[in-house]
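*Asks:* Here's the letter readout for the chains.
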Amino acid sequence: MTIAHIQGEEYTIEYEPSSHTVAFRGTVRLQSSDEYAPITELLQTAHSEANTTGQLTLDFRQLQFLNSSGISMISKFVISGRKQDRVPLRVMGNQEIYWQQKSLANLQKLWPKVVIEIL
Amino acid sequence: MTNTVVTYGYWEELEAVPSLGHYSMSLDAHHLVQFWRRCSLSSNFWSRYMALWVPTPPAPGHLRREAMEHLLSYLLNELFENCAKFSGGPFQRINYAAWIQAEGMVFELTNQIVPAAQAPFATLIEELLTSDLDELYFQRLEASAESNASGSGLGYLTLMKDYGIRFGFRFSPLTSESITVGVQAHVALKEL
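Protein chains in written order, with the working numbering: chain A, 183 to 301; chain B, 332 to 523.
Any given hint could be a false lead.
[To be verified] Ranges of calculated distance between the beta carbons of each label pair, as one might list FRET restraints:
id, chain 1, residue 1, chain 2, residue 2, range
1, A, R268, B, N426, 45 to 51 Å
2, A, Q290, B, A447, 35 to 41 Å
3, B, M356, A, R264, 24 to 30 Å
4, B, L345, A, P294, 27 to 33 Å
5, A, H187, B, V336, 49 to 55 Å
6, B, N334, A, E198, 56 to 62 Å
7, B, R369, A, Q189, 18 to 24 Å
8, B, R395, A, Q237, 30 to 36 Å
9, A, Q189, B, F417, 28 to 34 Å
[Claimed, not checked] The list that follows gives simulated cross-link-like pairs (lysine to aspartate or glutamate, EDC-like), each with its CA atoms no further than 20 Å apart:
id, chain 1, residue 1, chain 2, residue 2
10, B, K521, B, E434
11, B, K416, B, E434
12, A, K291, B, D463
13, A, K284, B, E466
14, B, K416, A, E223
15, A, K284, B, E477
16, A, K265, B, E473
17, A, K295, B, E473
18, B, K416, A, D241
19, A, K291, B, D359
20, A, K265, A, E198
21, A, K284, A, D216
None of these hints come from the bench; they were simulated from the model.
Using N, Cα and C, we set each Cβ at its ideal position, and we do this for glycine too.
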């Protein structure tokens, strides 16, 4: 069964298979890479189900905070996407959320094919 | 055991510097590990508290209050998480201190580590202070993707590279089994 939804105390992560979008909401500041494993798994599922002619969208527009372990987890996912080079990646950010304004562009430096839209 | 105090980076003797305000708080490292959300909760409280020093609208070229609050929350959460993760030995006290100055804010977090943990941390600090930050950041991420190890120093790298925060570090031997580590973060009110 595909896990489509992860609910934490201060966050939700939702995978919408029809639009190939994974949306993050709230504050994600987990303790270790082990705690991030279910999120990585969800991202990998979404990636494997995405059509090579389409794209996979990571929607961070309502993600208030992500700690450095979380940034590392997302970065590793982008690196693995680059290595497979199968599905283009789109990242949606929010201009009002300062860390996104400052740090989301790093993902594009990891893989120039990542499209970043900060609205 | 060495009795030498070792200092790296941008370290200021803050008691001697005039400040507009000084705040402090004392915590137990075990309690942060026990309820991890206390790291986030503490950082959110102090970020909101300190950001009230930023007037609205801000001085020309300065960060807006909301941006400062976000920046401080990210910074302090990383520092509290580090104290929780790396505290070791017989003492588990974490001290948070903050100073507001005319051109910026300074935060100092101290905790205790076992003596064997000093050398690896000092190596990381030297790398952070002498390397090209952009290059080191991406190198660390690529390496962590290969080895599946946690990307050590990524929190500091992000803070230095993306937010222009200047860090100072100090190791002060406490007993033969414990070393106090101080980390100072200097945040400018001006936008990078």
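*Asks:* What are the numbers of the hints that this structure violates, sorted from low to high?
*Replies:* Result: hints 3, 4, 11, 14, 15, 18, 19, 20 and 21 break, sorted rising.
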